[in-house]
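Undergrad: One letter stands for each residue in the lines below.
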Amino acid sequence: MGRSIKKGVYVAEKLLKRVLEAKSAQKREVIKTWSRRSTVLPEMVGLTLAIHNGKKFIPVFISENMVGCKLGEFALTRNYKGHTSKGSK
Amino acid sequence: MARIAGVEVPSNKRVEVGLTYIYGIGRPKSRSILEKVKVDLNKKVKDLSPDEVTRIRKHIEADEVVEGDLKKQINQDIKRLMDINCFRGRRHKMGLPVRGQRTKTNARTRKGPRGSMIKKKK
Chain A
1 MGRSIKKGVY VAEKLLKRVL EAKSAQKREV IKTWSRRSTV LPEMVGLTLA IHNGKKFIPV
61 FISENMVGCK LGEFALTRNY KGHTSKGSK
Chain B
1 MARIAGVEVP SNKRVEVGLT YIYGIGRPKS RSILEKVKVD LNKKVKDLSP DEVTRIRKHI
61 EADEVVEGDL KKQINQDIKR LMDINCFRGR RHKMGLPVRG QRTKTNARTR KGPRGSMIKK
121 KK
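The listed protein sequences derive, respectively, from chains A and B. Number 56 in the numbering used here belongs to position 56 of the first sequence; there are no gaps in the numbering. Number 118 in the numbering used here belongs to position 118 of the second sequence; there are no gaps in the numbering.
To be clear, the hints were calculated from the coordinates, so they are not data collected in a lab. Source: prediction; values computed, not measured. It cannot be assumed that every hint is accurate.
Short derived list, chain B residues pointing at chain A, Cβ under 10 angstroms [what the hints assert, rightly or not]:
id: 1; residue: Tyr-23
id: 2; residue: Gly-26
id: 3; residue: Leu-81
id: 4; residue: Asn-85
Positions of the beta carbon are idealized from the N, C-alpha and C atoms, including for glycine.
The shape of chain A in the complex, shown without the other chains:
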């Protein structure tokens, strides 16, 4: 179930501040963030955010299609390369 509309979407305040700053200043620097639970806002489009995956920051360029998703969806926390196949031994 989604979040109530009354509350609006969740974005970490720190992140929001930095995003708005970066937008108004036309800065192109990468913003590091740990806030995987924040929603992608239209304001973030065009920025590159470095999203923490628990170990390192994954740079993600935010495009228009991504609005509405959570940041964490773009930085996977698990790294599964598959089992070793019998042939490659």
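Since chain A is already given, all that's left is putting chain B on it; use the hints.
TA: Same frame as chain A, but now just chain B:
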């Protein structure tokens, strides 16, 4: 026999049920459509007057997304998820459950028959 929304040919069932033969229309939507165009939902499809059929058809064409259009829309939504490379999109690409179900066991609907997993890399 009445043709509504392209190919659909509901039989001699009640209209409420007959309309559900159209992809994208279930019982609730069927009821709301019939209420809006003021057709008795207990009437059989074969007993509908041509006027009633036209009213239903017009309403569906104007206000509902059904059949090919709906399928197209769904595919586009999935494609969007896959293009932005988010978690849900990746699950779609890998053919695994998208909504957090367990995959240690079960998940056969998405994975297909046992042992037939062809290595699909993203």
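Undergrad: Please go over all the hints and tell whether each is borne out by the structure.
TA: Status of the hints after comparison with the structure:
1. Tyr-23: Check failed: Cβ of Tyr-23 (chain B) comes no nearer than 26 angstroms to chain A, outside 10 angstroms.
2. Gly-26: Violated, because the Cβ-Cβ distance from Gly-26 (chain B) to chain A comes to roughly 21 angstroms (cut-off 10 angstroms).
3. Leu-81: holds, 9 angstroms
4. Asn-85: holds, 7 angstroms
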